[in-house]
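Here the structure of chain A is known, so what remains is to put chain B in place on it, guided by the hints.
For reference, the chains in residue letters:
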Amino acid sequence: MTTPDSPDRAYDLLPPTLADARDAIHRAHGHTGRSAWAQLLTIAGLTGTETDRSALLRILEAMIHLDPVSQLCAQALHIRLTSYTHLAAAHPATRSTA
Amino acid sequence: MNTMTDTELFTRLGDPARIHRLAEYDLHHPALRTHLDGIARDSAERLRAPVSLVSVLLDSAQFIIGRHGLSGATAGLQGVPAEWALCTQTVLTSAPYCVSDGTTNPRHSGNPMLTLTGLRSYAGVPLIDDNGQVLGAHCVLDTVPRHFTEHDIASLTEGAAEALRVLGRYHDA
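Line by line, the protein sequences give chains A and B.
Residue numbers for the first sequence follow UniProt numbering, so the first one is 1 and each next one is one higher.
Residue numbers for the second sequence follow UniProt numbering, so the first one is 1 and each next one is one higher.
Only chain A is shown next, with the shape it has when bound in the complex:
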């Protein structure tokens, strides 16, 4: 668990985005991250600049089927999305700017 820098930023939670998915693929795949991301965009039919929720869901679906590492990244983003939707949004200590 992270220790907050300050109490007011400790547990902010934003819904994951396509950019979060890109970051996850890049860090988890390491030096092959760029090519893996390009492959995922092609599979999902996206440009990579989309910001809507449907784009995220399409890339998550592609990640599930690409390879086991991408599948784990998708699992993590799914958990974050579910937490945001079902837990965080209901809790006053967790804020969103979305």
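Careful, some of the hints might be misleading.
Covered by chain A, according to a simulated footprint, are these stretches of chain B (three or more residues, beta-carbon under 8 Å) [to be verified]:
id	segment
1	8 to 14
2	20 to 26
3	52 to 60
4	154 to 165
Simulated from the structure, these hints should not be mistaken for laboratory data.
C-beta atoms are modelled at their ideal positions from N, C-alpha and C, and glycine is treated no differently.
Just chain B, lined up with the frame of chain A:
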């Protein structure tokens, strides 16, 4: 005080070697889940704790793969964001980690996971596989403030060793 940002946290947890190692396990296998549920149940009973988990830390979330005692709104919980998970600290330090009372602990007070579940105390030990990677943690959580003893940690460590033996059967490399 730890001043790690979420980006720094995800970078540490998302280390390619660690994630690639995790990806070699069939973490969704129903038989694995059943066995790990049993290990969580045994640890909960031994430590007289209402909740016990076996989990792995993905790059940005805790993924629960064995559970005992989650009910109500948390019954179907697959995991929580990594920055909420107390097991994240256990994984980062690669050592047993205890929180006697999350409501008064400066690091954890205000943590939504504790607030929403009513859980207050935590003891966890790391799951370190034979490749040296810290995959996750085995833990117990209680609804009351609690001091965990060395005997408690030893018992959890036994559970973690069993969890790793079981996980090894679902490793495809």
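So, going through the hints one by one against the coordinates:
1. For a cut-off of 8 Å, the count of residues in the segment 8 to 14 of chain B with a CB near a CB of chain A stands at 4, and the three-residue condition holds.
2. Counting residues of the segment 20 to 26 of chain B whose CB falls under 8 Å from any CB of chain A gives 4; the rule of at least 3 is met.
3. Look at the segment 52 to 60 of chain B against chain A: 3 of its residues bring a Cβ nearer than 8 Å to a Cβ of that chain, three or more, so the hint holds.
4. For a cut-off of 8 Å, the count of residues in the segment 154 to 165 of chain B with a CB near a CB of chain A stands at 0, and the three-residue condition is violated.
When the structure is compared with the earlier hints, a violation turns up for hint 4 alone.
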